[in-house]
Structure formats: C-alpha cells, structure tokens
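Construct the complete structure from the given sequences, taking the supplied hints into account.
Line by line, the protein sequences give chains A and B.
Each residue of the first sequence is one higher than the one before, starting from 687 at the first, in this note's numbering.
Each residue of the second sequence is one higher than the one before, starting from 34 at the first, in this note's numbering.
No wet-lab data here; the hints were simulated from the structure.
The reader is advised that the hints may include incorrect statements.
[Stated by the list, open to error] Computed list of lysine to aspartate or glutamate pairs in EDC-like fashion (alpha-carbon distance at most 20 Å, straight line):
| # | chain 1 | residue 1 | chain 2 | residue 2 |
| --- | --- | --- | --- | --- |
| 1 | A | K1528 | B | D90 |
| 2 | A | K1456 | B | D148 |
| 3 | A | K1456 | B | D146 |
| 4 | A | K1460 | B | E144 |
| 5 | B | K43 | A | E1537 |
[Claimed, not checked] Computed beta-carbon distance windows for the label pairs:
| # | chain 1 | residue 1 | chain 2 | residue 2 | range |
| --- | --- | --- | --- | --- | --- |
| 6 | A | A1074 | B | I91 | 53 to 61 Å |
| 7 | A | V1479 | B | N173 | 32 to 40 Å |
| 8 | B | T93 | A | Q1085 | 48 to 56 Å |
A virtual CB, placed ideally from N, CA and C, is assigned to each residue, including glycine.
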Amino acid sequence: MSDILFGNNNRHAVKNLSNRYFKSNKSRNIIAVIAIALTAVLFTTIFTLGSGLIDTVQEQNIRKAGGDGQAALNYISDDIYNDIEGNSLIEKIAYTKAVSYRIKNEGLEKWRSDLWYMDDTALEFARYEPTTGRRPEAENEIIADTKTLDALGIKAGIGETVSLKYEIKGTEYETDFVLCGFWETDSLSNIGRMIVSKSFIDSHSDILEYTYREDNDYSGVVTAYIMFHGKGDIESKLSRLLSETGYTCDIMGASPKEENYMIARVSPAYQSSNLFENPTLLISGVVGILLIIVTGYLIIYNIFQISVIQDIQAYGQLKTLGTTKRQIKKMINRQAVNLSLIGVPIGLLIGFFLGRALVPFLMNGTIYTADAGITVTANPLIFIGAAAFAVFTVLISVQKPAKIAGTVSPIEAIKYTENDSSAFRGKKHALKNSSHGAKIYRMALANLGRNRKRTVLVIASMTLSLVLFNTVFTFSSGFDIDKYIAKFVNTDFVVSTADYFQFRYEASSNDLSESFIETVMESDCFEAGGRLYTDRMLEEGFSAESNAFSNYNTDENGNPLVSLYGADDFLLKNMEVVEGEIDWQALKTGKYVLLNVEYDDNGNMIDNPDVKVGDTVRFNHVSIDGLSSVTDNHFDLIVMAKVCANENTTTTRNTGTTRFYMPTENYLPLCTSPHLVCFPFNVKGGTDTQMKEFLEGYVKDIEPGMDFDCRETYVSSFENLTSLIVTIGGALSIVIGIIGIVNFVNSVLTSIITRRKEFAMLQSIGMTGKQLKKLLSYEGLYYSAGTILASVVFGTLFSVIIVKGISDGIWFFTYRFVMWPMLVIYPCLIILTVLIPALLYKQISKTSIIERLRQN
Amino acid sequence: MSILQVTELKKYYGTEPNITKALDGVTLVINEGEFVAIVGTSGSGKSTLLNMMGGLDIPTSGKVKVRGKELSEMKDEQLTIFRRRNIGFIFQNYNLVPVLNVYENIVLPVELDGDSVDQKFMDDVVGMLALKDKLNNMPNNLSGGQQQRVAIARALVSKPAIILADEPTGNLDSRTSSDVLGLLKVTTGKFNQTIVMITHNSEIAQLADRIIRIEDGRISQQGEASA
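Pasting the structure below:
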C-alpha cells in the first residue's frame, strides 16, 4: 500500500506484522478456522440444497413431460411442421409421428405402450436413445423400453423378433419387427414406447395420413418439441414463433374453431412458475442466508473481539511506534482473509457433501421423488456463491474488532486488564456495594461481567441454535396428520379398478366389480360404505343450460358439459354442506341436486358457480359417438344445497368440470349406461390393518384388475414431509449448535488463558484446584442459565409470533406451543458448560503456580 | 519459639553440566513474631527461597517445616489448604482479584476456607491500614499504595503463622514505600505476626529485625538489622 501523504511503500511492513501476529495466535486461528469452515458449511449446504432442488425438479419435470424441449406443438400435420421448422427463433426442433395408439398384443392391458417414429433430436430430448444396440434404420427395425418388452414377454436382446398387432385408423395390421436396440424404462414414466424407423413411416405414408381434424385419430399426427435460442420467457417466444408462421394457440387467446389454431404449450419443466418465482421458497432462502450470516457473525466477531482484546497491549505498542489506525485495521483484515483461505475451502467441501446427502430428504417432502434419481451437480456457482457469502460474513464480522484495535489509546492499552474498559473509553465501575464476602458463585458471576460483550455473544450464539431447534420441532409436530389425510381420503378405504387409481378412469374399459364390493361388505371389519356412479365420458354426458358453468367441451348447442354423479347416502352424508340445507326426504324425490363448490388447500373457495340455492338448472342428456354428440333428453333439477365433496372419494379423479350429486336411485334412470366409479367405505375401529391385508390379498389373487387406496398411503407421505423438516432443520440446527459450543469453548479457553496469572495468585493465597474448577464451572453454569433464560424468552416470542404466523398459512397445520425440544437440550447444555471449563482448566494447571505467577 | 525451619534446602534446574543451582543448601530458622528481611541481588535465589517457604515450589532436596509440619510431605490439595490457613502472601504487583471489591478481596482467603471472618479483628486491621472508607472500591480504582495495603490486610486477616512478602514495595515510589512498610511493621508488631520479606533495597531492609543476605543460592551473611 502506498501512503498517500508520503508516497512510501509500507505494504511489506504491514504484511510482515500481520503475519507475525497471525502466527503467534495459534489457538485462536484453529478456532477461527473451525468457525469459518462451519459458516461455509452452512452456506454451501443451503446452496447445494437449493441448486439440487432446482436441478432435480427440472430434470424430473422434463422426464415427466416425456422429454426435453421448452415448448411442444401437439397434433400437427407434416405441413405445419414444415412451415415452422426453419424459423430463426428455433435452436433445435424434434420431430415425432404417432403410428399407433392401439397395440393389441396380450400383456399390454396393464402397461400401456404406443408405437411412434422419432427423429434423432426427439430421441435425445425424450431420453429414448438405446443404451444397448442402435437406432432403427431398416423398415423392419424397432427399438423399445425394457418394461414394454417385459410386458410383451420378449427378452431384451438384440435380434429378438417383436411381433406386433396394432390398429391404424380402424384397420388392424400385424408386423414382425426385429429389435435393434432398447433402453431402461424411466421410473417416472407410466407409459412405454416402441419406435420404428424413418423408412417404415415413409413406406407407410399412405395409411399414416393426417386425419386428426376429421376423425380425431392419432395415427399420423406429428408432435414437435422445440428449444428456442437464448434464455428468457418461453411463452412469448412461442407466441412470436406462431404468429410469424401464421398460426395461433390458446395462450394467444385463440379458440379451437379458428382455422390456423394448434395445440401448443410450454413444457411444465420450463413454465414460468418455477422455483425462483415461488415466494415461499425465495423467502425461506433469504431467511436461511440471513440466519447463517448472523450465526457466523456471532462467532467470528466474538473470536476476533477476544483476540484483539488479548493483544490490545501489542496494538497499543504498535500505535506508540507510529502504526496508523488504518494499518492496524488492515493487519486484522489480512489475518481474517488468511483464515478464510483455510476455512472456506474446508467448509465448501463438507457443505457440498452434506447438502448432497440432504437433497433426497428435501425431494421426498415435495411432489417430486428421490427414488427417481437426484441431480446434484458440482455447479461452480454453488461454490462461488457460498465462498462469497462466507468471506463476506468474515469481513463484516472483523470490522468492529479491527476498529477497536485501531482506535485503542496507546497509553491506556499498556495498563489494560480484562475488566478494565477504560482503554476503549468505556465507563468504569468504581464501586460495588457488597458485604456478602467473596463467595465462589458470586466471583464467577462477576467474572462474566468482565467482558460483557463476549458473554452476550456466546449466549446469543447458543440461544440461536436452541430457538431454531425448537422451531423445527414446533413445525414438525404442528403438522396435523388428520387434517392432512382428510384432504385426500375422508373414508378409511376406497376400492375401485386399477385404472381408476392410475387416473385412467375415462380410458378404462372395465368397471368396479360388484363381486369385489360384496366381498368387502361381507367382511367382519366392514362398517359402512357407499357406491358412486357416473356416466362414461366417451359414450354419454350431461350438459347444463347455464352461463354459470364453463367447459371447453360443449354439446352441439354450445352448452357446457358437467359431471353428474349418483351417490349412495353414505357418500352424500359425508359431504360438507357449505350453503343451504339438505332435506333428505325432498332430495329423494329426484327433483333436487347438490352442487359441488371447489376449495383450495387452505380452505378458500376457488370456484363457486353463480347459481343460488333454490335455482333451477336445466340439464341435457347428451349421447356421444366419436366427435359427434346429440342431445336426446332434458330435465330440470333444483339446487338444494352447495356442498364440498372430497376429490379422492367422490369423483372419477379425472375431472375439471362442475360436479353435481344426487341420490343413486334418482340418478340411474337418467343415464343410459351408468358406470360404477368406486366404493369408499369405513371399517370398524382398529381393523384397518386386517382390512388392508385382506384387500392386498384379494387384488393380488382374486381380482387383479381391482385395486384400493387407504389412509395409510397418506400417512407415509405425511411422514416423509415431517422427516424432511426434522432432518434438514435438525442438521442445520446441529451445525449452528456446534458453532454455539465452539463459541463457548473459545470464550472460556481465552478467558482462562488470560487469567492464568490471576488463577495462580488465587491458588497462592489458598484457593484449591477444586475450588478453582468450581469457579470455572459456575461461570459455565451462568452461561447455561443465560442461554436458558434467553431461549425461553426468545423461543416463546418467536414461536408465538413468527412460527404461528407462518403456520397459519399452512392448511394442514395446527399450531401447538412446543418447548420440549429445548427442555431436552437444557440438561446437555448444562453438562457441557459445566464440564468444558473444568476440562480446559486442566490444560493450564499443568504449569506450576510459580511459572504462571511470573508470566506477564 | 521457631515457627519456620529450613534445612539444607536445594533447588537445581537442568542437568549436568548445565546445572543451575538456584538454592544450594540453605538452612535457617525463623522465630515467632520476627520480622526478617532477605536481601540479595537479582538472580541470587531469594525469590526461590521465599516460594519454597510458602510451598509454591518444590525443592530438589531439603526440608521446609512450618509450625512443625513438613511441607514436602503434603499432597497438593493438602498443601493448598495448609497454605491458606498458615501462610499469607504479599506480592510486588499486589495481585488483587479485579472483580472483587476491597472488602471481598480481604476476606477471600478466610471465605475460601469456609470460615467466617473475625469481624473485630477485621475492623482493627482495616482501621490500622486506613482502608475503612475504601471497602466498597474496586481494586482498579485504587492507587498502588492503597492496593498494597489491601494486600497486606488480606495477608493478615486469616491470622497466618507467617507472612511472606515478595518485594512488597517494588512498584511503589519511595514515599509510599516507607508509609506502607511502616504500616506493615506496626501491624505485624501489634498482632505479633511473623514476617519474611524479600527486597533488594538495603534501606528498606533496615526496618527488619534481622537481615539475611543471599548470594549464589547460599546465605552469605546473617545478622541483626542494626548490626
């Protein structure tokens, strides 16, 4: 550094001094490195978690979306594809063509697999590149995923014959393909795929013509996946692409009736509602970072504060010799940077592995799954960010101690002893009225007052971890499993077809069997249950003549289709009446209907059609055949009440339409061929396990097409969520707790070292080693007492104000004031704080009293 | 009546041939009520002798008996307790406990022993040392002379068999030094207190009843102060 006034170069002197002081402070350095490393661990863990979460969610979203690509153009023709392909906005475009959606082979009833052609880009996007073998080239070559091959009963091996029976536009074909490659089925995928060669579709172009607009047949439709140049809003790029090429879609406000309309959408993996725009996540991230900065500050500041005060006489000397305030500050900053150079890399490494170990827990708490693979890349940004925050924390933490060292008065510093603050122009306690004498516990208390700041910082540091720990458990214990499960299933069990539970009710060709229901009802465990009926959407439906309801699908007169259900009393009685009242006798007359209103998770009404209780609604019965629909009957029903019906027990689980309910006996005559949807039921208390075991056996051995769902499924998903909070929160509070203890150890250690001579003197006038240890243990005990007091006060305030505030926004949370986590820690805290000082004292007691007395 | 006996006391540091003989066979007897000054140049071994007498340091060989008890036979804990009951220390740099006020500092050794203070004796001592109106002060608020008077009071209040003073006036100016020493002599005289004081100042040594001169770890001269 060049001195501005004199232009001399004193960089060497400052560097030299700084390094010498640095080396003479070994024990401080070790503790400071630990503190800095722990701070860096916290930052890296948080960043790794965040980055891992974002990466994994995106990766899994891509896989769920069936492949990469920021936007997809669905059900287009080759002509449209050719129009769009060359546009300059596009970086990459993938071409896929459906060959057949109807594979007739045996074994594919329970595992659906379609026949497609996909170009190289599409294979890459979809991750369908064969892991064994190569892409299909010859007309008779095919590749497939392992699960599909398994379902077909074909060994996964190159050269195997794949005989397929498939339907294209109503005509059945049979072809013997040769397997030239395959890949492992993605665990996230619930659909398989077989892929033919370009020469196959070229030679069958006559039967693969695009007829989707006329007959809704998928064979021959093209789906294109697009990656745009650069980053930024995908939706606007998609709109621009379509308008430049003369097309339109939903997001541009077009209706399907328009000539140039196409179904184009932004891939969910790239939708703007990504994690960064989720305020909860962003706020938790910011709060987490602030918390770490505060934690790091508390300890690093304390370490340097103590170290500066210990060396204060040396700094006084330096000032006497003409070192400027700026130079002393520079010396201390230099030391901080040196310590960071050691501590930060250690922390980055540990933090990365800790974070990576924690990501699966985080994933399990979300809708994404850890089993499907976690993506945590060693993104340099994680390290750069964590290192930057850690160094920032270190630098802000040493500012004040550096200032103290810089502003010390040279004369006062020489005379300084620890309880004397005059060197820093602080106030001095001249008198202490006491005739209690010199009891050890009083001395100990007085000793804590010698460096109040240190005491307060240590207590704050330990309190922080306790409050956090308590908060973690307040959250996890406040999650209300009953509220949570009631949202998903409001009965003990639901039985239906396997398709129903895979959200494929509409596509399913089989029905819930009466034999299954009969068997369940005959069981001793059975208490009460009810059947739910509705129509089959592809065959018939109901529309309502009212503007209050909306649906893209309408009857031929433009009236929106609605869902009309017939439900047994058991189900109707389980519904929560939101508006109006149910007159059971009147309801059974068949003149009334119940209207469902939608609520979100937090219990806020999200969809309440503009219909009043008592209004009459005209319903039409619509017969559907392919794309054409005919209204053949109508009837009027009065809305008796508005209800809130559970989506998992009283719907087809496949609906976005307005729902109406009426008694089964009134419903059945209105429907041409009513279908049984499901049978939710309750069992007698304590027989859950018995019934579950019975059902498991039944659907495995007797009726494999049937399946069931029960509360227990949701219990485990709930437990995942709770364990997420406890694991991640717990891990972070433990690291912060370690920081608190390190802070305590450092304070006690330095205070013992500073008072070595004083202790020797006390021993010379007759204080025994035991009494001295007792004195130190009392000091530790007061730290505990202070921490306990502070954590009770702040823990309570934090819990009642902040945690309660946050938890009110979580629908399945019942706030309970919790203190036991802190109560559990207190004994450990007391033991540690009493033991550590006595143990540290042993270190210095090795030198004789005389040697210690002689020390200056 | 002898209260302290030192016999053939030796303290060696290091090993042959680089051996340092801090004390090399010191034998002396100190009687009850005596005020003895030990003088010698720096490095002569006088501080080592004093530390041995107080049981703060362990001799290489030889014996120290205080009130007939052999110090080297005691265990560490026993020795500490014996020390606080029988030996009072006065240090050059006072060594007061900074977090305790004057009163608390004075009664500390008695309280460490779990005893209660003899209040009358306490009042007498405090009165003589002119500390009555300073009892509530903190040490860092006192002058050097005042701090040393507190140290003297602390040494006296437990009524020890012997007081060992290591350069008690080493940090004081000459005027204060003679005030403090005067007080020390008067109080010890009044309470018939035995005192052994180290000094390198022969003028101060003149106040003692007897002067022992130490050179190179041996007693070179012994005699009445006035002689």
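Evaluated hints:
1. A/K1528 x B/D90: With a Cα-Cα distance of about 19 Å, the restraint between A/K1528 and B/D90 holds, given a limit of 20 Å.
2. A/K1456 x B/D148: Distance ~17 Å between A/K1456 and B/D148 Cα, so the pair holds.
3. A/K1456 x B/D146: holds (12 Å)
4. A/K1460 x B/E144: holds (14 Å)
5. B/K43 x A/E1537: holds (18 Å)
6. A/A1074 x B/I91: 53 to 61 Å: Cβ of A/A1074 to Cβ of B/I91: about 57 Å, so the range 53 to 61 Å holds.
7. A/V1479 x B/N173: 32 to 40 Å: holds (33 Å)
8. B/T93 x A/Q1085: 48 to 56 Å: Given a distance of about 54 Å, which is inside 48 to 56 Å, the answer is holds.
In summary, this structure violates none of the numbered hints.
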